[in-house]
Amino acid sequence: MTETEFIDELIDILELEEKNVMLKTPILLDSLSTLSIIAFLDQNFSKKATANELREVSTINDILLLAGEENIR
Amino acid sequence: MRNPFALQGMNVLITGASSGIGKQCAISCSQMDANVILIARNLERLKIVMNELGEGKHSYYVLDLLDFDKYPETINKIIRENGKISGFIHSAGIEATIPLNALKPHIYEEVYKTNAISCFELIRFLSKKKNIGKNASFIAIASIMGIVGQKGKLAYCSSKSALINGIKSLALELAQKQIRVNSISPAIVETEMVDSLFSTMSKENMNIIEQNHPLGFGRPEDVANACVYLLSNASKWVTGTNLVIDGGYSAK
Chain F
1 MTETEFIDEL
11 IDILELEEKN
21 VMLKTPILLD
31 SLSTLSIIAF
41 LDQNFSKKAT
51 ANELREVSTI
61 NDILLLAGEE
71 NIR
Chain Y
1 MRNPFALQGM
11 NVLITGASSG
21 IGKQCAISCS
31 QMDANVILIA
41 RNLERLKIVM
51 NELGEGKHSY
61 YVLDLLDFDK
71 YPETINKIIR
81 ENGKISGFIH
91 SAGIEATIPL
101 NALKPHIYEE
111 VYKTNAISCF
121 ELIRFLSKKK
131 NIGKNASFIA
141 IASIMGIVGQ
151 KGKLAYCSSK
161 SALINGIKSL
171 ALELAQKQIR
181 VNSISPAIVE
191 TEMVDSLFST
201 MSKENMNIIE
211 QNHPLGFGRP
221 EDVANACVYL
231 LSNASKWVTG
241 TNLVIDGGYS
251 AK
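The listed protein sequences correspond, in order, to chains F and Y. If you read the first sequence in my numbering, its first letter stands for residue 1, the second for the next number, and so on. If you read the second sequence in my numbering, its first letter stands for residue 1, the second for the next number, and so on.
Looking at chain Y on its own, in the form it has when it is part of the complex (with noise of 0.2 Å):
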């Protein structure tokens, strides 16, 4: 029996790559075979991450998300060199823990541009018929603070929101295409990310968060499985929805 979860063939584009979930999402397609290509801010970072794939045509790219003027120019290249796009994962972001008293409009604008806008951006290039490959799958790396509401983290939670439900617009808009878009709900998972918002806390405050994860904080591997299934065949039907990944976070 083949196996549902290969993705043999796929050309995988992944953001956010050179760190945390994004990078494991590329080491975990790879095991995968597919054809994994990297797109992140940081060269040197990206370099590392594509001496842990697996066997494949890997390739990498170093784009600014903030910089939306460099997408047709960054998609073309990707494309002409790689060849169609059949999988895309959404996983750079920004995290903000900052009180309401704090916000401005600034800050919005950037948390807004880094975790919702630029993954409607990328996929409104990547879904284009030149673009796109057969049975292609879409996936944004959200978060439970989209679903759930937490004190100071009010751009960031909205962020994430906007992410969830743009995802099922956009499930609506491009099943047609035959493209499936779906999003992913994580919790706290550990990465250098959660690690540099954890400095900044006490013992005390990390302890009383992990306390509210009943299965303890996730791995990057939880969601990158997720990931797998969901670029897969295994998932064929699957469009327009947001799997919870958080340890039993918003169980209760």
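Pulled out of the complex, with its shape left as it was, chain F reads as follows (with noise of 0.2 Å):
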């Protein structure tokens, strides 16, 4: 997946309504966007998060990095 595209996908996935959403974007993960997230990293790239690590998400790289920087071009 690239860059744009993982980005792309969570703007989707937690209706992010902001211009220019970047990697340093903040971002606020309520139960229901965390079990998106949790679904999102699994069904993507295998990594199955845990709900303690998502509450220390506080932008979208901090997802990024739970899904393995080597795994996005």
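Hints in this document: simulated from the structure, not taken from any laboratory. These numbers were taken from a predicted model, which means no experiment stands behind them. Certain hints may be false.
Stated by the list, open to error - The list that follows gives simulated cross-link-like pairs (lysine-lysine, DSBU-like), each with its CA atoms no further than 30 Å apart:
hint: 1; chain 1: Y; residue 1: 177; chain 2: Y; residue 2: 134
hint: 2; chain 1: Y; residue 1: 252; chain 2: Y; residue 2: 153
hint: 3; chain 1: Y; residue 1: 134; chain 2: Y; residue 2: 236
hint: 4; chain 1: Y; residue 1: 153; chain 2: F; residue 2: 48
hint: 5; chain 1: Y; residue 1: 104; chain 2: F; residue 2: 47
hint: 6; chain 1: Y; residue 1: 57; chain 2: Y; residue 2: 70
hint: 7; chain 1: F; residue 1: 47; chain 2: F; residue 2: 19
hint: 8; chain 1: Y; residue 1: 177; chain 2: Y; residue 2: 77
hint: 9; chain 1: Y; residue 1: 113; chain 2: Y; residue 2: 77
hint: 10; chain 1: Y; residue 1: 70; chain 2: Y; residue 2: 129
hint: 11; chain 1: Y; residue 1: 168; chain 2: Y; residue 2: 252
hint: 12; chain 1: Y; residue 1: 70; chain 2: Y; residue 2: 177
hint: 13; chain 1: Y; residue 1: 128; chain 2: Y; residue 2: 177
hint: 14; chain 1: Y; residue 1: 236; chain 2: Y; residue 2: 168
hint: 15; chain 1: F; residue 1: 19; chain 2: Y; residue 2: 151
hint: 16; chain 1: Y; residue 1: 113; chain 2: F; residue 2: 47
hint: 17; chain 1: Y; residue 1: 104; chain 2: F; residue 2: 19
hint: 18; chain 1: Y; residue 1: 113; chain 2: Y; residue 2: 151
hint: 19; chain 1: F; residue 1: 48; chain 2: Y; residue 2: 113
hint: 20; chain 1: Y; residue 1: 134; chain 2: Y; residue 2: 168
hint: 21; chain 1: Y; residue 1: 134; chain 2: Y; residue 2: 77
hint: 22; chain 1: F; residue 1: 48; chain 2: Y; residue 2: 203
hint: 23; chain 1: Y; residue 1: 151; chain 2: Y; residue 2: 203
hint: 24; chain 1: Y; residue 1: 252; chain 2: Y; residue 2: 151
hint: 25; chain 1: Y; residue 1: 151; chain 2: F; residue 2: 47
hint: 26; chain 1: Y; residue 1: 130; chain 2: Y; residue 2: 84
hint: 27; chain 1: Y; residue 1: 77; chain 2: Y; residue 2: 236
hint: 28; chain 1: Y; residue 1: 153; chain 2: F; residue 2: 47
hint: 29; chain 1: Y; residue 1: 134; chain 2: Y; residue 2: 84
hint: 30; chain 1: Y; residue 1: 153; chain 2: Y; residue 2: 104
hint: 31; chain 1: Y; residue 1: 104; chain 2: F; residue 2: 48
hint: 32; chain 1: Y; residue 1: 47; chain 2: F; residue 2: 48
hint: 33; chain 1: Y; residue 1: 70; chain 2: Y; residue 2: 104
hint: 34; chain 1: Y; residue 1: 84; chain 2: Y; residue 2: 177
hint: 35; chain 1: Y; residue 1: 203; chain 2: Y; residue 2: 252
hint: 36; chain 1: F; residue 1: 47; chain 2: Y; residue 2: 203
hint: 37; chain 1: F; residue 1: 48; chain 2: Y; residue 2: 151
hint: 38; chain 1: Y; residue 1: 104; chain 2: F; residue 2: 24
hint: 39; chain 1: Y; residue 1: 151; chain 2: Y; residue 2: 104
The two chains are supplied separately, each in an independent frame; assemble them into the complex guided by the hints.
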């Protein structure tokens, strides 16, 4: 997955409304969006993230790190 | 008096038999003198379950339930090697906690195929005259989630609803062959699948879920005992029903 595709997927899943979403864009995850990100990471990167790990997430880049930088082109 | 719950001489086919509820159903049915035929994907785990069964002529077969093309060959082999089937428990299933925003058509497809379509398709083969024994009973392990909703579980809840209602249609269609068809809807039962689900949750959320079960979480034998009843002669007038076993989860 490219970085642009990764960001686009997260814009869709998290319904982000900012115009220029970037890796450093801050995000706030509620319980449902946390579950969505867990599912997204599992399906696309076979990464089993936990709710505790996602509690630490504050930007798009934090999710990218959970996906694994090596998996993003 | 003959025990009305005895399963003596019954050949009972069980999917998802290598773990959780399916595994316990295999053990409980063997303890009630049934011959148990196990189906699952994992050969090593099937062998482990075989060692836990009571006396009887038991066997196991490796089958991926998403591989529909393999069904005729596998069922023919099972009937040839074991005789006709008079009990069937569909315990295979996948849990999916995926909110609407993260769902895609291929996810629904996989969940529906595993949880519902595989059951209907196996019943299509098993219910043929050449394959079915006398006074047969088929059971689908559904879920309380097929009756009530749950946030983030659209694919799972709707697949289990499909299973519950499909079973009612099958009960009507197969009554003329004296085949009974029922489902069981448990709430959370302590199995490996649930452990995996909880591993993604915070302790706080797990406690909230447990508090929603007035009698606490269930044990696999709570569901297996209901299967013994629905397979046995004790339930000979029961078909097309969905037996809720949920520790009071849906009582409020």
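Evaluated hints:
Between residue 177 of chain Y and residue 134 of chain Y, the direct Cα distance comes to roughly 9 Å. Compliance with the 30 Å bound is thereby established for this hinted pair. Taking the CA atoms of residue 252 of chain Y and residue 153 of chain Y, the gap is about 20 Å. The hint holds against a cut of 30 Å. About 12 Å separates the Cα atoms of residue 134 of chain Y and residue 236 of chain Y, which keeps this hinted pair within 30 Å; it holds. Among the hinted pairs, residue 153 of chain Y with residue 48 of chain F is consistent with the structure: their alpha-carbon atoms are about 18 Å apart, no more than 30 Å.
Taking the CA atoms of residue 104 of chain Y and residue 47 of chain F, the gap is about 18 Å. The hint holds against a cut of 30 Å. Taking the CA atoms of residue 57 of chain Y and residue 70 of chain Y, the gap is near 24 Å; set against the 30 Å cutoff, the hint holds. For the proposed pair residue 47 of chain F and residue 19 of chain F, the alpha carbon gap of about 29 Å is at most 30 Å, so the pair holds. Straight-line distance between C-alpha atoms of residue 177 of chain Y and residue 77 of chain Y comes to about 23 Å, which keeps the hinted pair within the 30 Å bound.
Proposed proximity of residue 113 of chain Y and residue 77 of chain Y is supported: the alpha carbons are some 23 Å apart, at most 30 Å. Between residue 70 of chain Y and residue 129 of chain Y the alpha-carbon distance is near 20 Å, which keeps this suggested pair within the 30 Å criterion. In summary, the hint linking residue 168 of chain Y to residue 252 of chain Y is supported, as the alpha carbons are separated by about 25 Å, within the 30 Å threshold. For the proposed pair residue 70 of chain Y and residue 177 of chain Y, the alpha carbon gap of about 25 Å is at most 30 Å, so the pair holds.
The hinted pair formed by residue 128 of chain Y and residue 177 of chain Y meets the criterion: a straight-line CA distance of about 9 Å does not exceed 30 Å. Taking the CA atoms of residue 236 of chain Y and residue 168 of chain Y, the gap is near 16 Å; set against the 30 Å cutoff, the hint holds. A distance of roughly 29 Å separates the Cα atoms of residue 19 of chain F and residue 151 of chain Y; the hinted pair therefore holds under the 30 Å criterion. This hinted pair checks out: residue 113 of chain Y and residue 47 of chain F have alpha carbons roughly 24 Å apart, not beyond 30 Å.
At roughly 25 Å between alpha-carbon atoms, residue 104 of chain Y and residue 19 of chain F fall within 30 Å of each other, so this suggested pair holds. Distance restraint check for residue 113 of chain Y and residue 151 of chain Y: the Cα-Cα separation of roughly 21 Å lies within the 30 Å cut-off, and the hinted pair is therefore satisfied. Under the criterion of a C-alpha separation no larger than 30 Å, the hint pairing residue 48 of chain F with residue 113 of chain Y is consistent with the structure, at around 23 Å. This hinted pair checks out: residue 134 of chain Y and residue 168 of chain Y have alpha carbons roughly 20 Å apart, not beyond 30 Å.
Annotation: proposed proximity of residue 134 of chain Y to residue 77 of chain Y holds, straight-line Cα distance about 20 Å (limit 30 Å). Taking the CA atoms of residue 48 of chain F and residue 203 of chain Y, the gap is near 17 Å; set against the 30 Å cutoff, the hint holds. A hinted pair counts as satisfied when its Cα atoms are at most 30 Å apart, and residue 151 of chain Y with residue 203 of chain Y qualifies at roughly 18 Å. A hinted pair counts as satisfied when its Cα atoms are at most 30 Å apart, and residue 252 of chain Y with residue 151 of chain Y qualifies at roughly 18 Å.
The straight-line distance between the Cα atoms of residue 151 of chain Y and residue 47 of chain F is roughly 22 Å, inside the 30 Å bound, and the hint therefore holds. Under the criterion of a C-alpha separation no larger than 30 Å, the hint pairing residue 130 of chain Y with residue 84 of chain Y is consistent with the structure, at around 8 Å. Annotation: proposed proximity of residue 77 of chain Y to residue 236 of chain Y holds, straight-line Cα distance about 29 Å (limit 30 Å). Only pairs whose Cα atoms come within 30 Å are accepted, and residue 153 of chain Y paired with residue 47 of chain F is accepted, the gap being roughly 20 Å.
For the hint linking residue 134 of chain Y to residue 84 of chain Y, the alpha-carbon distance of about 9 Å falls within 30 Å, and the restraint holds. Using a Cα cut-off of 30 Å, the hinted pair residue 153 of chain Y and residue 104 of chain Y holds, with the two alpha carbons roughly 13 Å apart. Using a Cα cut-off of 30 Å, the hinted pair residue 104 of chain Y and residue 48 of chain F holds, with the two alpha carbons roughly 19 Å apart. A hinted pair counts as satisfied when its Cα atoms are at most 30 Å apart, and residue 47 of chain Y with residue 48 of chain F qualifies at roughly 28 Å.
Only pairs whose Cα atoms come within 30 Å are accepted, and residue 70 of chain Y paired with residue 104 of chain Y is accepted, the gap being roughly 27 Å. For the suggested pair residue 84 of chain Y and residue 177 of chain Y, the alpha carbons sit about 14 Å apart, so the restraint of at most 30 Å is met. The straight-line distance between the Cα atoms of residue 203 of chain Y and residue 252 of chain Y is roughly 24 Å, inside the 30 Å bound, and the hint therefore holds. In summary, the hint linking residue 47 of chain F to residue 203 of chain Y is supported, as the alpha carbons are separated by about 20 Å, within the 30 Å threshold.
Restraint check for residue 48 of chain F and residue 151 of chain Y: the C-alpha separation of about 20 Å stays at or below 30 Å, so the hint holds. With a CA separation close to 27 Å, the supplied pair residue 104 of chain Y and residue 24 of chain F stays within the 30 Å bound. Proposed proximity of residue 151 of chain Y and residue 104 of chain Y is supported: the alpha carbons are some 16 Å apart, at most 30 Å.
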